[in-house]
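Visitor: Going line by line, the protein sequences match chains A and B. Numbering of the first sequence is given in my numbering, commencing with residue 1 and proceeding in unit increments. Numbering of the second sequence is given in my numbering, commencing with residue 1 and proceeding in unit increments.
Treat the hints loosely; a few may be bogus.
Unchecked claim - Subject to a maximum C-alpha distance of 20 Å in a straight line, what follows is the list of computed SDA-like cross-link-like pairs (lysine to any residue): (1) B:K73 to A:R351; (2) B:K383 to B:T234; (3) B:K383 to A:V138; (4) B:K73 to A:Q347; (5) A:K527 to A:T195; (6) A:K153 to B:E367; (7) A:K429 to B:R76.
Said to hold, decoys possible - Here's a subset of chain A near chain B, in silico, CB distances under 10 Å, partners left out: (8) L452; (9) K494; (10) T588.
No lab work stands behind these hints: they were computed from the structure. In this text, all values refer to a predicted model and were calculated from it rather than measured experimentally. Glycine included, each C-beta is placed from N, C-alpha and C at the ideal position.
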Amino acid sequence: MATTAISTPAYRGEYSGEQSGLWSWLSTVDHKRIGILYLYTALFFFMFGGVEALILRAQLGAPNQHLVSAEFYNQLFTMHGTTMIFLAIMPLSAAFFNFLIPLQIGARDVAFPRLNAFSYWVYLFGGIFITVPILFAVAPNGGWFGYAPLTTKPYSPGINIDFWVIGLQILGVSSLAAAFNFLTTIINLRAPGMTLMRMPMFTWMAFVVQFLLVLAFPVITIALVFLLFDRFFGTNFYNTVSAGADPLLWQHLFWIFGHPEVYILVLPAFGLVSEVLPTYSRKPLFGYPVMVYSGILIAALGFGVWAHHMFAVGMGPIADTFFGLTTMLIAIPTGVKIFNWIATMAQGAIRYTTSMLFGIGLVGLFTIGGISGIMHSSPPADLQQTDTYFIVAHFHYVLFGGSIMGIFAGIYHYFPKIQGRLMDEKLGKIHFWLTFIAMNLTFFPMHFSGMLGMPRRIYTYDAGQGWDLYNAMSTAGAMIFPIAMLIFIYNFFKSRKSGEIAGSNPWGAGTLEWSIPSPPPDYNFAKIPTVTSRYPLWEGKEVDHESARINSQEGKTAAELGIVMPYNTIKPLLVALGLIIMFCGLMTTPILIAAGAALLVFSLYSWLLSPLEPEHH
Amino acid sequence: MKGTDRLRRLASYAFFAAFAIAAVSCNEAHPNTTLVPHSDFGREIDFLWNRLLLLGTIVFVLVEGALIFIVIKYRRRENQPTPPQTHGSTMLEITWTLIPAVILVFIAVPTVRTIFITQAQAAPGSLNIEVTGHQWWWEFKYPEYGVTTANEIYLPVGRTVNFRLRSADVIHSFWTPQLGGKRDVVTNRTNYLWYTPDSSTASSVWNGFCVEYCGASHANMRFRVFTVTPEQFTSWVAGQKLPAQFGAVATAAPARGPNPPPPPGSAPGYIFPREKIPDYAVPHSPIPPDLKFTPGLTGNAARGKQVFSGAACIGCHSIAGNPIAMGVLGPNLTHVGSRSTIAAGRFPMAAAYLALWIKNARKMKPEVLMPTLGLDEYDPVLKAKVTAATGGLTDQQIADIVAYLTALK
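If we strip away everything but chain B, and leave its shape as in the complex, we get:
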């Protein structure tokens, strides 16, 4: 149908003309757009959207055009007699009952088809990923590989990935706008969502969001999806399967400032290069102005491991290779040093941010469950100061932990 194609294109042009005029002034990129799909699922939805947009635009133009024409044409004129007192027209009313009905058929048929295609079971041989939504972070497990990570997913392009969605607490919703639609992560239920990232997306980073309101830090429940080549994915899996590679890297002193690149070449498997991560996937969240860290401290990773293993950390976090750290309430930290962000995408993974995070997470991210650990820090949830007796850590101790964690590649 050439004619509808042309019309559809015209409608899209009209829609984007307004859009482009608005966008040209600041030339913004749109890294989370739903309008440029990069997966089979995304394209199925995009087909429907284009049809809806086309028909919607036609209806919009006709109805608003008729409205404007009529209110101008039939304005009252001087000495106008009472207009004809028509009460209705059965023919007209039947017509404008039937026309929308016909338009709806053109929407309903592909809609039903797409519902059943996109909600079928994922193809056999798909990559399974178990997603668990927590207030306010994402846990990702690759059951075939025994890999557990948090807030970052690596996907091989061209292979269908089947997400198994479960919640640890309240209802969340899992969404990567450029790769397809969303699916709620519902308490006491298991949902599924699958799609196949296009081969053309190798070496790309996508933003993901929680899109069901889930409490105070709902806005801070983000994640990243790295679509990589199958070879890179295999290498990444191999690296993630290893226990923590502690001590491989020299310690980095926590210092405030822009995100410093990590020491190169330290991870055992493939890691998406930090310098290639586009700006839209690098967090810019401001640091609370009243949160300070002693400048110039140098952490010691070996000491950090001891501090970590003796502090509250182990109650919630697991580190494969550190038999004392077996907590399951917080993110698995086995390869935390290889991640690009902390706090569910709120801050970059860097010593400066990590130090402040450990010191007072609740100032860094509203109502986060991670307790405040910095000695003499005020905990806004407990409304009390942290003391040595309640497990407070000095800045030096925190610097040591930071050195340890950033070394876990």
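If we strip away everything but chain A, and leave its shape as in the complex, we get:
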């Protein structure tokens, strides 16, 4: 595969090289273009979920307000959580998995390029499926956690919950397909010399996250199948109106998925800042092996702490003790990560780029979320905190202060690699400071409103409860976010058109993805490099000079270089479409199920019978 000899092109005209036009995007199997699709789609859903949050905050800005009805408010908070978790943060991470993993490990694509396209299309269609109902005020209204028996048919007879159950199943297909793909890619497609302990930290964290996905998503799938059967076929897993059902079964299954899900959301951001902080400090990541082990340990322990979401349900003192202690244990590897990031910056030469500001922001803000997390790892203390705004404050420091800050750090860092141009640093810094101020003004007062007794998930609250000031502050802070986001979006599109040309390594970074042109050619590496260290571009003596020279050449097509690349194909999209139609049929008419199944089977058959790429010669 790594040959540079230019042989006679052995393939026909339908080779993947088309780089523009709608059809090229619909049929692409290039991991970079799929990554870009993920990025745009997820940013759209991020803003959609943000608008939902703005309405929530507007309603809670003052006591006894009724801008939206109780019913619609409940739909909004359900969809805000669902959108941000499944349609924004996870796919934003997936955008980076797609774009970066092959580049960081020195591969030409992921292991299964067509499966990769399939994952994206299922995500897009599933996202639309679960989002559209809110426009008609029939959105899911059981909370993102969907506790039974509230979500069973007797208590939620409408179609709202059906959209949620089926939508999450669809999105699970996407996540699982992608996870197996990336696992195979990371295990099998690493460049020569790229040992596991030389992998960039982002790829490492991505690797860990794929294991979490593979192990956690089957659990939610089963939990949802039970609920689906309860709702559609009258079984009694959670249906407490009949005897024998135990609603805690749902809670256990949900949180066995739900807690690892938290690490699925935050570890990719940890990986991104582990690239960002060393680059702008011009120092290797401090304690690389410990960073790897702590990531693995966080993920492993993450499967043993789920019931800390359930300290109030009355599990008894033994279970409370066990889950309290395991939860406290997780603080240790998490703390190590924070300290190692700080030590990475110590004695460095820190450049305050926008990306670095977001990276530092993650370290500072996630620490707050970690500390408040310890505060409710103690089960008795948690009895005053759980289901109050204190928890809302906590997980927004984790998911906004952690995941979103890390993802923005990643976007500013990798934008030049993706688009070939630099983002405007001045606008970027305004974006950072506005986001930082908005974030703290919105979420810090929630610690107070929570400890002052304000429950979560209430569409209104009475006057005179001592919560007015803190809610007004939160609402004021929330109103700053859209300004920050508009600046970001403007900067994004302006820089994409007319930003400064980036060159292959604008930041002086040390990892492999910066050795190739920006944006990278479809084949990524003209010659697969041989890797001898963790920062091959920094540790000059170890660079594979020959491949660096070849790879920095621009303007050569794969055909000219004799590199075999997969064909573009629309079939993954059609299979995904068939899947969605099938699920839509479950809610409407069996004819659609048959039609969807036919499309799925036909397209899949045709997919499996068509070759991935031209024959090798």
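On the provided structure of chain A, position chain B as indicated by the hints.
Guide: Here is chain B on its own, set in the frame of chain A:
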């Protein structure tokens, strides 16, 4: 340990300094605060919270301080050569693995102790209260006394109360922030929660909340706890045990406006005086603007009893002393006139609110199970108008029922 006490106090001061600065501008009271406990359970939790806050504050200051110091000190300078390429330090990494572990021991030990103390069985001789969560109201039973009430609990101070928590439908959660932690009210299960209100809390009112999302009106599932002296409690129980004291009071005309005080001296037992209920325990929920009641009607309690007994009311509500009213789906109304709120703490108990409530409960509280009863009212759940054939009541009939119910002290 004087030193840690001082540190703990310092940490609390730091926490509250930020807090006080924010609060001073509007001088809000904090009637539902978890930070000022008023029971043994609350104090156990507060001890842990103070320790967590102290250690958390120390970690916060050290980590954020180190972060800020380092990002300022090590900013890149002009013509700076490549910094030293250190890869790690085993000593340092072991150190900052062990320090958090040691801190956690100081949290874990009291945590485990508190878990077992607070989850032990309640002391014998405790006052038992059976709590049943309903969408969206609370049913309270005192089995020793044969008393059933709704959305309001009376507790004698200094005596341990043991709540037996069950749900009639979905999962709820029972919480009185000032008196201790919460416990979920789980379908098909029985949970327990106990605490002893401090003696100093006699003549106090506490807000209670449902804190597990339980559907459309989750926000409107509140309750009140009155902590009273043992003598007042005994008197209250004696009054509640009696059948409905119908007709003891002159009827009150429903009129819109602020909550009028009820006629005094009518209840047979002790009732927490309405005028002493602090503002935070008096509901301020707005009345739907499109819901109107004919002004100037005067209700007749005797007629009201007849209307009540012949209407849909009896399908869901019980009134001891009215043998026809035996429904169990809705709150027991035997002494409804002695309560301070209706609709699970959403509105004050007053003729004006009660009349509108009976007329169109679903406009007053989203998706409430109580049907719309006012003639020609639009029912937002059934999406239809109420007619005489479907049991619609005229404003006069409603005024009569209101007179009857407010008279039930």
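Visitor: For every hint, state whether the structure bears it out.
Guide: Results of checking the hints against the structure:
Between K73 of chain B and R351 of chain A, the direct Cα distance comes to roughly 12 Å. Compliance with the 20 Å bound is thereby established for this hinted pair. The hinted pair formed by K383 of chain B and T234 of chain B fails the criterion: a straight-line CA distance of about 47 Å is larger than 20 Å. Of the pairs offered as hints, the one joining K383 of chain B and V138 of chain A holds, with about 16 Å between alpha carbons and a cut-off of 20 Å not exceeded. The hinted pair formed by K73 of chain B and Q347 of chain A meets the criterion: a straight-line CA distance of about 8 Å does not exceed 20 Å.
A hinted pair counts as satisfied when its Cα atoms are at most 20 Å apart, and K527 of chain A with T195 of chain A qualifies at roughly 18 Å. Distance hint between K153 of chain A and E367 of chain B is fulfilled; the C-alpha atoms sit about 16 Å from each other, no more than 20 Å. A C-alpha spacing of about 18 Å is found between K429 of chain A and R76 of chain B, which places the hinted pair at or below 20 Å, so the restraint holds. Satisfaction of the interface hint for L452 of chain A is found here, the shortest Cβ-Cβ separation to chain B being roughly 5 Å, below the 10 Å cut-off.
The beta carbon of K494 of chain A comes no nearer than 27 Å to any beta carbon in chain B, farther than 10 Å, and the hint placing it at the interface is violated. Of the supplied interface hints, the one on T588 of chain A is violated, with its beta-carbon coming no nearer than about 22 Å to a beta-carbon of chain B, more than 10 Å.
Comparing the model with each earlier hint shows violations of hints 2, 9, 10; every other hint is respected.
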